[in-house]
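Here is what each chain is made of, one letter per residue.
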Amino acid sequence: AQKITQTQPGMFVQEKEAVTLDCTYDTSDPSYGLFWYKQPSSGEMIFLIYQGSYDQQNATEGRYSLNFQKARKSANLVISASQLGDSAMYFCAMREGYRNKLVFGAGTILRVKS
Amino acid sequence: DGGITQSPKYLFRKEGQNVTLSCEQNLNHDAMYWYRQDPGQGLRLIYYSQIVNDFQKGDIAEGYSVSREKKESFPLTVTSAQKNPTAFYLCASRLGGVVLHTEAFFGQGTRLTVV
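Just so you know, the sequences run in chain order A and B. Sequential numbering from 1 applies to the first sequence in this note's numbering. Sequential numbering from 1 applies to the second sequence in this note's numbering.
Because the hints were derived from the structure by calculation, they are not lab data. Warning: the hint list may mix true and false statements.
Just the calculated beta-carbon pair ranges, DEER-fashion [to be verified]: (1) B:Asn28 x A:Leu84: 34 to 44 angstroms; (2) A:Tyr54 x B:Gln17: 42 to 52 angstroms; (3) A:Ala81 x B:Phe88: 47 to 57 angstroms; (4) B:Thr79 x A:Ala81: 43 to 53 angstroms.
Lysine to any residue pairs mimicking SDA-like chemistry, simulated, CA-CA at most 20 angstroms apart [as the list claims (entries may be wrong)]: (5) A:Lys113 x A:Leu84; (6) A:Lys101 x B:Pro8; (7) A:Lys70 x A:Leu84; (8) A:Lys101 x B:Lys9.
For the chain A half of the interface with chain B, some residues (derived, Cβ under 8 angstroms), not all of them [claimed, not checked]: (9) Phe12; (10) Val13; (11) Tyr25; (12) Phe35; (13) Pro40; (14) Gly43; (15) Ala88; (16) Phe91; (17) Asn100; (18) Ala106.
C-beta: ideal position from N, C-alpha, C; glycine also.
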């Protein structure tokens, strides 16, 4: 069964605007962690933000924030004030329970327009 | 500098040959991972290891093998049984254990082309 679903294959956003990238997940374990990564065209994987299932507040890191809706099992990434350098592939990932298995979604390609 | 190193960056092999991709980390991480990425696609988990001398199959383990004899090293062998091995392979490591919130660090990847 698909554990991580990213339903937006591609997104466009105007420079300086905010954009939301969707991620839904499936787990029956009460303890889990959710991660977002950015992959530019160079292929490197850049860690952006983390949200734990027991965290009371939504995670934020600079221009990145995570809209965590536990009941809906969604962990959407919000990028504020988009920049041209934000153009990349974005992946949502989940680690379930205390296992170290880490699985990724299919990704969303974001293109920032000037 | 601590980090995770994959070698080589590009690899060409003839069909039917086994090939081994190297992954070394000096971060003292317990958990290590291998992912496969096809053009425009997501990362699919091949194998992962939580500790030395232990590893588990991921979602697409058929045609691949791994070993974890040392904490620092987690080589991946792409065997001739893998029907479509041409892809971008990424290795990653995490602190692991009971530390839940730590992110995975990735190598620069190996682009394997089978001709």
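Hints versus structure:
A hinted range of 34 to 44 angstroms holds for the C-beta pair Asn28 of chain B and Leu84 of chain A, which are about 37 angstroms apart. Between Tyr54 of chain A and Gln17 of chain B the beta carbons are some 48 angstroms apart, a value that agrees with the proposed interval 42 to 52 angstroms. Under the hint 47 to 57 angstroms, the C-beta atoms of Ala81 of chain A and Phe88 of chain B, about 31 angstroms apart, miss the expected range. Remark: the range hint 43 to 53 angstroms for Thr79 of chain B to Ala81 of chain A is upheld by a beta-carbon distance near 48 angstroms.
As the CA atoms of Lys113 of chain A and Leu84 of chain A are separated by approximately 7 angstroms, the hinted pair is consistent with the 20 angstroms bound. For the hint pairing Lys101 of chain A with Pro8 of chain B, the CA-to-CA distance comes to about 25 angstroms; that exceeds 20 angstroms, so the pair is violated. Among the hinted pairs, Lys70 of chain A with Leu84 of chain A is inconsistent with the structure: their alpha-carbon atoms are about 31 angstroms apart, more than 20 angstroms. In summary, the hint linking Lys101 of chain A to Lys9 of chain B is not supported, as the alpha carbons are separated by about 25 angstroms, beyond the 20 angstroms threshold.
About 16 angstroms separates the beta-carbon of Phe12 of chain A from the nearest beta-carbon of chain B, more than 8 angstroms, and the hint is not met. With 8 angstroms as the threshold, the beta carbon of Val13 of chain A stays out of range of chain B, its nearest partner Cβ sitting at about 19 angstroms, so the hint is violated. Below 8 angstroms, beta-carbon pairs count as interface contacts, and Tyr25 of chain A has none with chain B, the closest being about 14 angstroms; its hint is therefore violated. The beta carbon of Phe35 of chain A comes within 6 angstroms of a beta carbon in chain B, closer than 8 angstroms, and the hint placing it at the interface holds.
Annotation: Pro40 of chain A was flagged as interfacial toward chain B, and the flag is violated, the nearest CB pair being 12 angstroms apart, outside 8 angstroms. A least Cβ separation of about 5 angstroms between Gly43 of chain A and chain B falls short of the 8 angstroms threshold, and the interface hint therefore holds. Of the supplied interface hints, the one on Ala88 of chain A is violated, with its beta-carbon coming no nearer than about 13 angstroms to a beta-carbon of chain B, more than 8 angstroms. At a threshold of 8 angstroms, the smallest CB-CB gap from Phe91 of chain A to chain B is about 6 angstroms, leaving the interface hint in force.
Annotation: interface hint on Asn100 of chain A holds; nearest CB of chain B at approximately 4 angstroms, less than 8 angstroms. With its C-beta approaching chain B no nearer than about 4 angstroms, Ala106 of chain A sits inside the 8 angstroms limit, and its interface hint holds.
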